[in-house]
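Please model the complete structure; the sequences and the hints are all you need to start from.
Protein chains in written order, with our numbering: chain A, 22 to 173; chain U, 22 to 173.
Hints may be right or wrong, so weigh each one.
Note that identical chains are pooled: a pair holds if it fits in a single copy or bridges any two copies.
[Claimed, not checked] Distance condition first, Cα-Cα at most 20 Å in a straight line; then the derived DMTMM-like pairs of lysine to aspartate or glutamate:
(1) LYS159 with ASP124
(2) LYS159 with GLU134
(3) LYS159 with GLU53
(4) LYS159 with GLU64
(5) LYS159 with ASP49
(6) LYS159 with ASP47
(7) LYS106 with ASP47
(8) LYS106 with GLU62
(9) LYS159 with ASP141
(10) LYS159 with ASP85
(11) LYS106 with GLU70
Worth flagging that the hints you see were computed from the coordinates, not collected in a lab.
There are 2 protein chains.
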Amino acid sequence: MSDTPIPTGPFGGLTRLDHVGIACRDLDASVEFYRSTYGFEVEHEEVNEEQGVREAMLRINGTDDGGATYLQLLEPTREDSPVAKFLARNGEGVHHIAFGTGDVAASAAGIGERGVRVLDDEPRSGTAGSRIVFLHPKDCGGVLTELVQSAH
Amino acid sequence: MSDTPIPTGPFGGLTRLDHVGIACRDLDASVEFYRSTYGFEVEHEEVNEEQGVREAMLRINGTDDGGATYLQLLEPTREDSPVAKFLARNGEGVHHIAFGTGDVAASAAGIGERGVRVLDDEPRSGTAGSRIVFLHPKDCGGVLTELVQSAH
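Structure below.
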C-alpha cells in the first residue's frame with residue numbers, strides 16, 4: 022500500500038461511472054437498436070483515428086458530480102485496431118468501463134502507485150476533447166478500465 | 022415497431038445505468054481491490070441462492086433520478102450457476118449491465134414488444150429486494166442486459 026492518499030472529491034478522485042464502452046460491428050444499427058428499444062439518443066458522434074474507431078455517445082443519466090453516464094458504442098474503422106481485435110476474439114459486447122475524474126493525471130498517478138499498470142504514460146485524446154488513460158485489465162480483475170477527464 | 026410508446030420519465034422508463042455486474046472468482050479479493058485502488062466502499066452484500074452468487078454492491082455515484090450507480094461484484098456459490106459458467110468460458114470480467122426503471126414489468130413489456138426476448142416471464146428477486154428481469158444478450162448486441170426496479 023502506498024502512503025499517498027487517493028485523491029477524493031470532485032477534483033482528483035473518481036467521482037462517477039462515466040461510460041460503458043460497447044464494441045459493435047455496425048454503429049448505425051447499434052445506435053438504432055438503443056434508440057428504438059430504449060429511447061436512448063445520440064448526444065455526440067465522432068471518429069477517433071488514433072484508436073481506429075467510429076463511436077457514438079448515448080446519454081443515460083446525469084450524475085451527482087455534475088457529469089453524466091453514457092453508453093459508448095464503438096465500431097472499428099480498421100482491422101488492426103484494438104476494437105477490431107476484440108470483436109474477432111469475443112464478438113460484440115462490453116469492451117470497457119470508464120470512471121470520471123476531475124484530474125486524470127493525478128488519478129492515474131495515484132492508482133499506478135497502488136500497483137496497477139497504467140497503459141498510457143501521458144493522457145491521450147478521448148471522446149469530445151476528453152483526456153483519458155487505460156489501466157491494464159489483468160490488474161483490474163479482467164476489466165479493461167479507463168479513466169476520463171471531461172473537456173468541460 | 023410497436024405502437025406502444027416507450028414508458029418515459031422516472032416511472033416506467035429506463036432512467037439510469039443502475040450497475041455494471043462483474044464476475045470474479047474471489048469476492049473478498051475483488052472488494053479489496055476496488056477499495057484499496059479507487060476508494061470504493063461496499064454498501065450492501067448478500068447471497069442470492071437462486072442465482073448462485075455471493076455479491077457486493079459498491080456505490081460509485083448518485084444519479085439524477087434519485088438513484089445511484091453501482092459496481093456489482095459477483096462470485097459464484099456453485100459450479101452450475103450462470104456466473105460460474107461465465108467464468109469458465111470467459112474468465113473474470115464484465116458480466117452484464119443493468120438499467121434502472123420505476124416499473125420493471127412495464128419496461129419489460131414495452132421492450133419485449135420491440136422484439137427483444139425477456140428471459141423472465143415475471144420479475145424475480147434481485148439485490149436488496151429489487152425486482153429484475155434479464156434480456157437475451159443475442160437481442161442486445163452481445164450485452165447481457167438487466168432491468169431493475171429498486172425496492173425503495
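For each hint, the structure was consulted:
no.: 1; hint: LYS159 with ASP124; verdict: neither (24 Å within a copy, 38 Å between copies)
no.: 2; hint: LYS159 with GLU134; verdict: within (16 Å within a copy, 40 Å between copies)
no.: 3; hint: LYS159 with GLU53; verdict: between (33 Å within a copy, 16 Å between copies)
no.: 4; hint: LYS159 with GLU64; verdict: neither (32 Å within a copy, 25 Å between copies)
no.: 5; hint: LYS159 with ASP49; verdict: between (32 Å within a copy, 17 Å between copies)
no.: 6; hint: LYS159 with ASP47; verdict: between (28 Å within a copy, 15 Å between copies)
no.: 7; hint: LYS106 with ASP47; verdict: within (15 Å within a copy, 28 Å between copies)
no.: 8; hint: LYS106 with GLU62; verdict: neither (27 Å within a copy, 34 Å between copies)
no.: 9; hint: LYS159 with ASP141; verdict: within (15 Å within a copy, 34 Å between copies)
no.: 10; hint: LYS159 with ASP85; verdict: neither (30 Å within a copy, 33 Å between copies)
no.: 11; hint: LYS106 with GLU70; verdict: within (16 Å within a copy, 37 Å between copies)
The earlier numbered hints that this structure contradicts are 1, 4, 8 and 10.
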